[in-house]
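Those protein sequence lines, which keep their order, are chains A and B.
Using this note's numbering, the letters of the first sequence correspond one by one to residues 1 to 94.
Using this note's numbering, the letters of the second sequence correspond one by one to residues 95 to 578.
Keep in mind that the hints were calculated from the coordinates and are not lab data.
This structure is a prediction, so every number in the text was calculated from the model and none was measured.
Don't take each hint at face value.
Stated by the list, open to error - Computed cross-link-like contacts, DSSO-like style, restricted to lysine-lysine with a CA-CA straight-line distance of at most 30 Å:
(1) B:Lys387 - B:Lys328
(2) B:Lys177 - B:Lys352
(3) B:Lys441 - A:Lys40
(4) A:Lys59 - B:Lys482
(5) A:Lys13 - A:Lys59
(6) B:Lys387 - A:Lys24
(7) A:Lys83 - B:Lys177
(8) B:Lys177 - B:Lys387
(9) A:Lys13 - A:Lys24
(10) B:Lys441 - B:Lys380
(11) B:Lys380 - B:Lys328
(12) B:Lys441 - A:Lys5
(13) B:Lys328 - A:Lys42
(14) A:Lys13 - B:Lys387
(15) B:Lys328 - A:Lys83
(16) B:Lys482 - B:Lys387
(17) A:Lys5 - A:Lys40
(18) B:Lys441 - B:Lys352
(19) B:Lys177 - B:Lys161
(20) B:Lys161 - B:Lys380
(21) A:Lys5 - A:Lys59
(22) A:Lys42 - B:Lys177
(23) B:Lys352 - B:Lys328
(24) A:Lys40 - B:Lys502
(25) B:Lys441 - A:Lys83
(26) A:Lys59 - B:Lys441
(27) A:Lys24 - B:Lys177
(28) B:Lys482 - A:Lys40
(29) A:Lys59 - A:Lys40
(30) B:Lys502 - B:Lys574
(31) B:Lys177 - A:Lys40
(32) A:Lys5 - A:Lys24
(33) B:Lys387 - A:Lys18
(34) A:Lys59 - B:Lys574
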Amino acid sequence: MRITKEEVEHVAKLARLKVTEDEKETYAGQLARVLEYMDKLKEVPTEDVAPTFHAVELKTPFREDVPGESLAPEETMSNAPEKDSDSFIVPRVI
Amino acid sequence: MELYDLSIARCRKLLEEREVTSREVTASVLGRIERVEGSVRSFITVNAEEALNDAALKDKEEQSPEKPLLGVPLAVKDIICTKGLRTTCGSRILEGFVPPFDATCVARLRSAGAVIIGKTNLDEFAMGSSTENSGFFPTKNPWDLNRVPGGSSGGSAAAVAAGECIGSLGTDTGGSIRQPASHCGVVGLKPTYGRVSRYGLVAFASSLDQAGPITKDVLDAAILMNVISGHDPKDSTCAPVEVPDFTESLIPGLGGLKVGLPREYFGEGVDPEVAGLVRRAVEMLKDAGAEVKEVSLPHTDYAVAAYYIIAPAEASSNLARYDGVRYGLRVDEDRGLREMYEATRAKGFGAEVKRRIVLGTYALSSGYYDAYYRKASQVRTLVLNDFKEAFKEVDIIAAPVAPTPAFKLGELVDDPLTMYLSDVFTLPGSLAGIPGISIPAGFTSRGLPVGVQILGPHFGEEVILKAAYNVELARGDLGKAPEL
């Protein structure tokens, strides 16, 4: 098996995703097949090939550092599941 | 002919001549939605009341060249933010989300005078090729209700095919405009990466995502491209490139044009009827004066593997934002913050999204980064170089969009790898960031539409539109409509 249930569990934890035992089993099986297919890439010699992260060449655009229009605080907060005026409420951390 | 059947160009002409009102067209489209939506299910949200009010206002506005879409009812894929109109991305995790802003492409539609009729269904966060991964319900193919419309912009393509809108916007990360357009018998254009602003397009894979038109004909695609293209200071990857009038490239005749047929796209695994219809479209290009020659894109066979590492890797990072704090669903079990994150994401995301988050996180994780993510990004360079080489010899490339016509609902849904492999002909162009258009070439013996894909070099939208227009001219009217 290319990817075990334990690995799925570990990766899911890194991604902050709770997975059930059934999901671990299913994903491990499906991802094993997918990863096996990905092995194709090993056939390609890439030693001197630079990676591409953006296919269209672009320079970083610069602009003057002047404030523009932006959303009002109440608009940015409008979708919060729990809030207190302009603060997001989260479960107790400490 | 009913008003809902109109193309954007014909709708505008009738509106301009005051033959019809926007309210009448909008009401006709809404009536059509009411009649066929029970079987097709293109829409997650129909914006009926507001669209009618908006249309009435448009009828009072003065016509102007700045408003080429004045009064035209359009649908928008539900992964593109619409101010004040709920945007779900086809996901339960965005429950109740109402964007406080418009995506730049939507803002441009609105300032061109368009009426937003509703938000169309999609695979959750655009991850899929069939619209079956929607967190709400699958959309059906209007040509055969037992089949998928393709995906991920299946709702937009089905809505255009079924007359549930005059035109629409979709998004394409690995084929999500071109493939559903092909399966639904409509026109779909994926612009060059950077041609259209991604601001307000909810991110799936940021180095690949592009919004583009799905329309009834090539002229309409050009009209929408004129409106949505162009630099946007809100998206640093949106290229500061001049936007031509795309409608001006729609002229008959292709004298001097060189068309490449990539031999890797016509091999085994392509349905013979699909290959036949694509070759017929290539004959049409030839008849219009183009010269056709074989080219090679030798790394085609590696594009699926590279894409399905790169896109999930980017997605796993982009989707980290759904944490139950700032918007959408929150599942609080009265335990800690971390437990809240995990429970929210477990409940809110569907199976395919979870699968891709796990795959992407794995490909980026310590020990695997070089073997998967870096390797895939190097192969991406080779795929891009294949196209660069080919475009030294030819002006455009003609190819199938997908290896088969629309498949049956449920056929591939439990087999992710086979579903991924069905994207084999759209993924290379996506990795290379080049523009591509799908236009209907004809129908299979079972009556399923099949598109031909025309690819061009970076910022070569004009030449692919011109070629597509010539196929459309030679093909003539589709000659039939979905029976709904």
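A quick look at each hint next to the structure:
1. The straight-line distance between the Cα atoms of Lys387 (chain B) and Lys328 (chain B) is roughly 41 Å, outside the 30 Å bound, and the hint therefore fails.
2. Of the supplied pair hints, the one linking Lys177 (chain B) and Lys352 (chain B) is violated, its CA atoms being roughly 44 Å apart against a limit of 30 Å.
3. The straight-line distance between the Cα atoms of Lys441 (chain B) and Lys40 (chain A) is roughly 34 Å, outside the 30 Å bound, and the hint therefore fails.
4. Our distance criterion of 30 Å between C-alpha atoms is met by Lys59 (chain A) and Lys482 (chain B), whose separation comes to about 20 Å.
5. Annotation: proposed proximity of Lys13 (chain A) to Lys59 (chain A) is violated, straight-line Cα distance about 37 Å (limit 30 Å).
6. This hinted pair does not check out: Lys387 (chain B) and Lys24 (chain A) have alpha carbons roughly 49 Å apart, beyond 30 Å.
7. Restraint check for Lys83 (chain A) and Lys177 (chain B): the C-alpha separation of about 21 Å stays at or below 30 Å, so the hint holds.
8. Note on Lys177 (chain B) and Lys387 (chain B): the hinted pairing is violated, with a Cα-Cα distance of about 48 Å set against a maximum of 30 Å.
9. A C-alpha spacing of about 12 Å is found between Lys13 (chain A) and Lys24 (chain A), which places the hinted pair at or below 30 Å, so the restraint holds.
10. Annotation: proposed proximity of Lys441 (chain B) to Lys380 (chain B) is violated, straight-line Cα distance about 53 Å (limit 30 Å).
11. Between Lys380 (chain B) and Lys328 (chain B), the direct Cα distance comes to roughly 42 Å. Violation of the 30 Å bound is thereby established for this hinted pair.
12. Proposed proximity of Lys441 (chain B) and Lys5 (chain A) is supported: the alpha carbons are some 20 Å apart, at most 30 Å.
13. Distance check on the hinted pair: Lys328 (chain B) and Lys42 (chain A) sit about 39 Å apart at the alpha-carbon level, beyond 30 Å; violated.
14. Taken as a hint, the Lys13 (chain A) and Lys387 (chain B) pair is broken in the structure, with Cα atoms around 52 Å apart against an allowance of 30 Å.
15. Under the criterion of a C-alpha separation no larger than 30 Å, the hint pairing Lys328 (chain B) with Lys83 (chain A) is consistent with the structure, at around 27 Å.
16. Proposed proximity of Lys482 (chain B) and Lys387 (chain B) is supported: the alpha carbons are some 16 Å apart, at most 30 Å.
17. The straight-line distance between the Cα atoms of Lys5 (chain A) and Lys40 (chain A) is roughly 23 Å, inside the 30 Å bound, and the hint therefore holds.
18. Between the alpha carbons of Lys441 (chain B) and Lys352 (chain B) the distance comes to roughly 52 Å, so the proposed pair goes past 30 Å and is violated.
19. For a cut-off of 30 Å, the pair hint linking Lys177 (chain B) to Lys161 (chain B) stands: about 20 Å separates their Cα positions.
20. With a C-alpha separation of about 37 Å, the suggested pair Lys161 (chain B) and Lys380 (chain B) falls outside the 30 Å cut-off, and the hint is violated.
21. Distance check on the hinted pair: Lys5 (chain A) and Lys59 (chain A) sit about 43 Å apart at the alpha-carbon level, beyond 30 Å; violated.
22. Between Lys42 (chain A) and Lys177 (chain B) the CA atoms are separated by roughly 46 Å; this puts the pair beyond 30 Å, and the hint is violated.
23. In summary, the hint linking Lys352 (chain B) to Lys328 (chain B) is not supported, as the alpha carbons are separated by about 37 Å, beyond the 30 Å threshold.
24. This hinted pair checks out: Lys40 (chain A) and Lys502 (chain B) have alpha carbons roughly 29 Å apart, not beyond 30 Å.
25. Proposed proximity of Lys441 (chain B) and Lys83 (chain A) is supported: the alpha carbons are some 21 Å apart, at most 30 Å.
26. Between Lys59 (chain A) and Lys441 (chain B) the alpha-carbon distance is near 40 Å, which puts this suggested pair outside the 30 Å criterion.
27. Among the hinted pairs, Lys24 (chain A) with Lys177 (chain B) is inconsistent with the structure: their alpha-carbon atoms are about 38 Å apart, more than 30 Å.
28. Between the alpha carbons of Lys482 (chain B) and Lys40 (chain A) the distance comes to roughly 23 Å, so the proposed pair stays at or under 30 Å and holds.
29. Taking the CA atoms of Lys59 (chain A) and Lys40 (chain A), the gap is about 33 Å. The hint is violated against a cut of 30 Å.
30. For a cut-off of 30 Å, the pair hint linking Lys502 (chain B) to Lys574 (chain B) stands: about 21 Å separates their Cα positions.
31. In summary, the hint linking Lys177 (chain B) to Lys40 (chain A) is not supported, as the alpha carbons are separated by about 44 Å, beyond the 30 Å threshold.
32. Taken as a hint, the Lys5 (chain A) and Lys24 (chain A) pair is honoured in the structure, with Cα atoms around 5 Å apart against an allowance of 30 Å.
33. Distance check on the hinted pair: Lys387 (chain B) and Lys18 (chain A) sit about 53 Å apart at the alpha-carbon level, beyond 30 Å; violated.
34. Between Lys59 (chain A) and Lys574 (chain B), the direct Cα distance comes to roughly 48 Å. Violation of the 30 Å bound is thereby established for this hinted pair.
When held up to the earlier numbered hints, the structure conflicts with 1, 2, 3, 5, 6, 8, 10, 11, 13, 14, 18, 20, 21, 22, 23, 26, 27, 29, 31, 33, 34 and fits the remainder.
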